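Peer 1: Model the full structure from these sequences, guided by the hints.
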Amino acid sequence: MFSCKLSFQSNYLTTATSFGGQYLIKNSDVCLFLFLGHYISVDTSYEGEKAVLVSPDLYSEEWSCVRLIYQIATTVTSLDPARLNLYIRKEGESFDSLLWSAKEPSDSWLIASLDLTNSTKKYKIVLEAEMGRDKSASIAVFEIKITPGYCIECDFEENHLCGFVNRWNPNVNWFVGGGNIRNSQSILPKDHTLNNELGHYMYVDSIYVKHFQEVAQLISPKTTAPMSGCLSFYYQLKQESSIVFTLYLRDMSGFYEEIWKTGSASSGDWALAEVDFSAPYPMEVVFEVAFNSAKGGYVALDDISFSPVFCSNQTGILFNPADAGCNFEEDLCNFYQDHKDVPGWSRVKVKRNVYRAGDHTTGFGYYLLANTKFTSQPGYIGRLYGPTLPGNLQFCLRFYYALYGFFKMSGTLAVYIFEENHVVQEKIWSVLDSPRGVWTQAEISFKKPMPCKVRASSSFFSVVDGGFPCLFLSDNFLIQGVNMSEVLLQHEINFPRQCGGGVFFFAD
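With our numbering as the guide, the letters of the sequence shown map in order to residues 196 to 703.
Derived from the structure by calculation, the hints contain no laboratory data. Treat the hints with care, as some may be off.
What the hints assert, rightly or not - Label-pair ranges, simulated between beta-carbon atoms:
1) S236 x E256: 33 to 39 Å
2) N364 x V545: 58 to 64 Å
3) P503 x G287: 25 to 31 Å
4) V504 x G449: 25 to 31 Å
As the list claims (entries may be wrong) - Below are the BS3-like pairs computed for lysine-lysine, each with C-alpha atoms no more than 27 Å apart in a straight line:
5) K622 x K643
6) K643 x K456
7) K317 x K245
8) K340 x K317
9) K298 x K319
10) K490 x K456
11) K405 x K433
12) K648 x K622
13) K622 x K642
14) K385 x K456
15) K285 x K330
16) K285 x K316
17) K298 x K340
18) K285 x K319
19) K385 x K317
20) K490 x K622
21) K319 x K340
22) K245 x K319
23) K340 x K316
24) K405 x K298
25) K385 x K245
26) K405 x K456
27) K298 x K330
28) K330 x K385
29) K433 x K490
30) K456 x K433
31) K433 x K385
32) K285 x K317
33) K330 x K316
34) K340 x K456
35) K385 x K490
Keep in mind it's a predicted model, so treat the numbers as computed, not measured. Glycine included, every Cβ here is placed at the ideal spot set by N, Cα and C.
Peer 2: Put into structure tokens, the structure is as follows:
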């Protein structure tokens with residue numbers, strides 16, 4: 196079994212500063228040593244500098260989880276705060292990929308849980324501390340631990356609880372049960388993992404409930420890589436009055452989706468629950484218990500696990516938002532046109548000059564063009580169809596467009612959603628007014644219960660000043676969560692963000 200701990204004992208960590216302020220772990224056996232209460236830190240003596248900690252070569256063909264215990268401390272608010280970054284440096288590649296970043300200060304140790312997808316390449320973990328201009332800041336790291344499996348899995352036998360956190364409520368909360376803890380009437384004689392009184396589990400009981408529908412939430416670490424399959428866990432439920440035990444997925448915009456709920460009270464034994472789970476972009480799993488009275492009973496939870504095979508024993512096809520986007524530099528990617536639309540949209544490349552801008556990405560690349568110059572048919576419509584999007588997910592569609600020569604803009608460009616049978620169609624956006632001759636961004640959020648496709652339609656009804664009305668759809672119709680649109684200049688987007696905010700994570 197692959198497991199690695201990086202020990203911060205002075206005997207095994209080079210603390211002398213090398214060129215560029217790097218700290219290097221030089222002992223290849225460092226993964227074998229346990230922590231003895233030490234930690235490493237960077238403080239204001241490195242103001243404006245970067246300190247880098249590099250792991251030994253690591254290798255795992257299995258999905259694994261990196262857990263980092265850290266603290267960023269400061270006494271003031273700064274416009275240029277200290278930041279802790281974690282990168283992956285894969286063998287044979289010339290750049291590091293950002294996996295995680297944090298800048299929020301805290302008064303205590305925090306835990307970050309980060310999924311690493313399986314890879315045949317060796318890699319290093321790179322921790323980078325950016326001190327910014329905050330003269331009172333310090334960054335400390337207590338532990339880095341890499342274990343096989345998924346970060347949302349947990350048996351609650353370790354103190355860090357796998358990064359699961361209780362959402363504090365004045366009256367009802369999740370607590371650790373088992374072991375030497377004997378402070379609740381709902382303590383079970385045995386946990387599920389060890390099947391004895393020394394094992395641990397999480398529980399919540401109704402003894403302190405004061406109001407109707409008191410709610411306790413246990414929240415998983417955020418997923419950091421696309422994943423889908425079967426989420427399973429064991430639970431016990433003692434129900435003296437109404438208890439509602441529900442499992443939700445919550446995205447980064449705060450949207451909740453119910454994926455499981457108890458049907459009735461179970462017996463005194465641990466019961467297995469299984470539910471299909473899909474997280475193409477960052478999500479949290481929320482275990483929620485709602486009580487109606489102080490005599491409601493209790494719920495206990497143990498052994499949360501995940502399999503990439505769906506509970507129905509079928510292997511899921513994971514949807515990657517990056518596959519639904521396109522920059523039109525090489526081809527149309529997974530987009531296509533209705534064969535009835537002639538000429539419809541054309542993929543073109545126009546040299547930038549004082550009269551016309553080039554494509555939006557670089558100014559020299561390709562984009563899509565619909566132009567009445569290419570047809571004598573009045574009122575023709577050019578339709579561009581996107582790939583199939585899975586149902587019941589929140590998407591953000593973003594793209595850039597430019598219009599030339601139109602007397603009336605209304606209806607010249609519209610975006611529709613329709614089911615795969617093409618029967619149900621809904622317009623979700625259209626041009627009302629827009630500056631002429633400049634790239635303009637459009638951004639649309641939507642969610643549909645069934646698989647669907649996005650269609651961009653251009654309509655031409657009038658010609659002005661003897662010229663040819665034309666419409667440009669810029670390269671990079673990108674799907675983010677899904678975001679369909681003009682793609683950015685960086686690497687291919689691996690994780691989408693919500694419309695109007697968030698963080699991008701870039702693939703290698």
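Peer 1: Hinted pair, alpha-carbon criterion (27 Å max): K298, K330. Please report holds or violated.
Peer 2: Cα-Cα ~15 Å, so holds.
Peer 1: Is the hinted pair K340 and K316 satisfied, with a Cα-Cα distance of at most 27 Å?
Peer 2: Status holds; Cα separation ~19 Å.
Peer 1: Between S236 and E256, does the beta-carbon spacing fit 33 to 39 Å?
Peer 2: Holds: the Cβ-Cβ distance is about 34 Å, inside 33 to 39 Å.
Peer 1: Take a quick look at whether K285 and K316 sit within 27 Å of each other, Cα to Cα.
Peer 2: holds (7 Å)
Peer 1: Holds or violated: K285 and K319, Cα atoms, limit 27 Å.
Peer 2: holds (6 Å)
Peer 1: Given the hint that K405 pairs with K456, does the C-alpha gap stay at or below 27 Å?
Peer 2: holds (23 Å)
Peer 1: Straight-line Cα separation of K648 and K622 no greater than 27 Å?
Peer 2: holds (12 Å)
Peer 1: Would the pair K622 and K643 pass a check requiring their Cα atoms to be no farther apart than 27 Å?
Peer 2: OK: K622 and K643 at ~13 Å, within 27 Å.
Peer 1: Verify the proposed pairing of K622 with K642, using a straight-line Cα cut of 27 Å.
Peer 2: holds (13 Å)
Peer 1: Would you mind confirming whether the straight-line C-alpha gap from K319 to K340 stays at or under 27 Å?
Peer 2: holds (13 Å)
Peer 1: Assess, step by step, whether the Cα of K405 is no farther than 27 Å from the Cα of K298, and give holds or violated.
Peer 2: violated (37 Å)
Peer 1: So if I understand the rule, the pair passes when the alpha-carbon distance is 27 Å or less; does K405 with K433 pass?
Peer 2: Given that 27 Å is the threshold and the Cα spacing comes to 19 Å, the pair holds.
Of the numbered hints stated above, those contradicted by the structure are hints 15, 19, 20, 24, 25, 28, 33, 34, listed in ascending order.
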